[in-house]
Amino acid sequence: MKLLKYTFALLACAIFTNCSIDNDDNEEDLSGETGELILKFDNSVGDQDFIFETSYSKSNNESFKLTNVKYIISNVRVTDTEGNTFTYPTEENVFIVSELNGNNAGEIYITLNDIDAADYTEITFGIGIDQERFALGADGQGDFLDLASEEGMMWSWASGYKFVRFDGTFSTDTVTDEPLNIHMGSVGEALDNYREVTLSFPNTVLVREENSPEVHIVADISKVFDGATTVNFADGYDQVHTDETETPIIASNVQTMFEVHHVHND
Amino acid sequence: MRYIREMLLVMVLVFSCSESSDIAKYEPVSVEVEMPSNFPDMVYNMDNNPITEAGFELGKDLFYEGKLSSNNAIACAFCHEQAFAFTHHGHNLSHGVDGGVGTRNAQPIQNLAYQTSFMWDGAATHLDLQPIIPLTSEVEMNETLSNVISKLEADTDYQDKFARAFEDGEVNTENMLKALSQFMVMMVSSNSKYDKYVRNEDNVTFTALETDGLNTFNNKCATCHATDLFSDQSFRNNGLPINPLLDDKGSYDILENTEDLYKFKVPSLRNVVVTYPYMHDGRFTTLEAVLDFYDNGAIDNGNVDPLLLREDGSYGITLSDYEKESLIAFLNTLTDTEFLEDERFAEF
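Protein chains in written order, with full-length UniProt numbering: chain R, 1 to 266; chain W, 1 to 348.
For reference, chain R alone in the conformation it holds in the complex:
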């Protein structure tokens, strides 16, 4: 019985592979062709690479050291030279970028499979969980709930996601190594802190079946505190959770932290 199943599956596989080969005689025609796109996130602080436990100074004579740098990326989509947008399948389109999962160079990889082959010029993604996804409840979340919970990206006292986590300590003129916890997220429909960014590629990204381009995205953590708005730990921005005045400011700052540094079209 099992054997039969697999034989049939292999057969089906062969048939479908054949079809796509048949279509492939015109080299300009990319229809039906898909490839991988790799997003490489690299956290930095200004022009330095981010390193755990290193003290970085910010405005107002304050400094911070972090032990945890995580954020949720979702709704990734790319737009090609003709203006067509390819959106990654909703159910899989949510990721946690954690510095702890970085390689020795502190780079965190997200591999997107089955992207339509095309020449892409820009990328858009959200930071956090949008209202529509949240309203689905458990539906379509698969294992993301476990992952988010395991990564400490869900509150245990409220049902919601922490969109970002920057944990560590801070120092000011008057205090040294006090706890710093920036856990910003949305609260139901009452407070929507989901934000999106669109970044142009410095050169066209060519997704092909045999080509897996890499987009190197630098996230400047200093922008969390010195972004669109400058905030001071001394003024209460050392503990940010669901507060309705502080969190939108952090959300807008986080929105300014991303930049496409370069692209590899291998």
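Among these hints, one or two may not hold up.
[As the list claims (entries may be wrong)] Within a straight-line C-alpha distance of at most 25 angstroms, the following computed DMTMM-like cross-link-like pairs (lysine to aspartate or glutamate) qualify:
id, chain 1, residue 1, chain 2, residue 2
1, R, 58, R, 167
2, W, 151, R, 150
3, W, 249, W, 259
4, W, 67, R, 150
5, W, 151, R, 139
6, W, 25, R, 143
7, W, 25, R, 91
8, W, 151, R, 151
9, W, 67, R, 151
10, R, 58, R, 246
11, W, 249, R, 235
12, W, 67, R, 143
13, W, 67, R, 139
14, W, 249, R, 238
15, W, 25, R, 139
16, W, 249, R, 246
17, W, 249, R, 192
18, W, 151, R, 143
19, W, 193, W, 288
20, W, 324, W, 292
21, R, 65, R, 151
[As the list claims (entries may be wrong)] Examples of chain W residues toward chain R, derived with CB under 8 angstroms:
id, residue
22, 49
23, 133
24, 255
What the hints contain is simulated information worked out from the structure, not anything from laboratory work.
A virtual CB, placed ideally from N, CA and C, is assigned to each residue, including glycine.
Based on the hints, put chain W in the right spot on chain R.
For chain W alone, kept in the frame of chain R given last:
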């Protein structure tokens, strides 16, 4: 890859009749959810989680399952007992794993599909995600989602139950939460004497005392305890003196907006006779004590609901002895024994 999966599915379907295996299969037998004519519209979106017999049964098993907690002993039902409209009988503050004590009185589980938010402070806004709070809270079940799933995955009984309840058959968090929601969505309490009276069913009539109580209720209580859910689902401060031991600031803790200080969800009063003790911290053991509080126990804690401001400048709701007596008679008509004894929701 997707094609292969679909093909396999076709294969499985085609050969399933000839297959004499004992592997459980998806059983999409849908169940009707009660939508009482005197209720407002349902809030829960069942399109995202259609209720099936097998899903409901799985949800019930999970609700009564100790494995959902770190010491394998504290089930949801430990704090939510059916006979008391699924509240934690006899406890003003619920305790969980290893005797850890929480800070709030357990709320009833009833008519949740009609609610816009959950918990005394509204900390949960989607029913599917609410269980993550008790599951992962240290003083309640003190577990992690992935560990609960590992325990369930190791149990062949649960493997079969998940397979019957969900198309993808997977034992995962999504399906566990969906099953719990299916169970809770089905828990509709709508057959109290009051319901039958307003729906003109079974020739139910009110006594003069009950009718007077209903009128007093409509005049003095129904602005907040509104609709036939007996809650307008807003968060309000009803003038309870602050308990300094807990200093529970209610929904303030969420957005840290001072306008929310000491505001709590207006509770439904359905089955209120059995859900004692009362208020977010369970400070009152009897309904008499609650009414005495409204009459002369409320204090100005800085943010009391303006609806409770009396002409003399004090806060509260003036109630005569007869009004209290009739209100209690009326509140007794909200007890729904069919729900409290419904075998579909019972452990055994």
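Query raised in the report: Hint numbers the structure violates, sorted upward?
Result: Violated: none.
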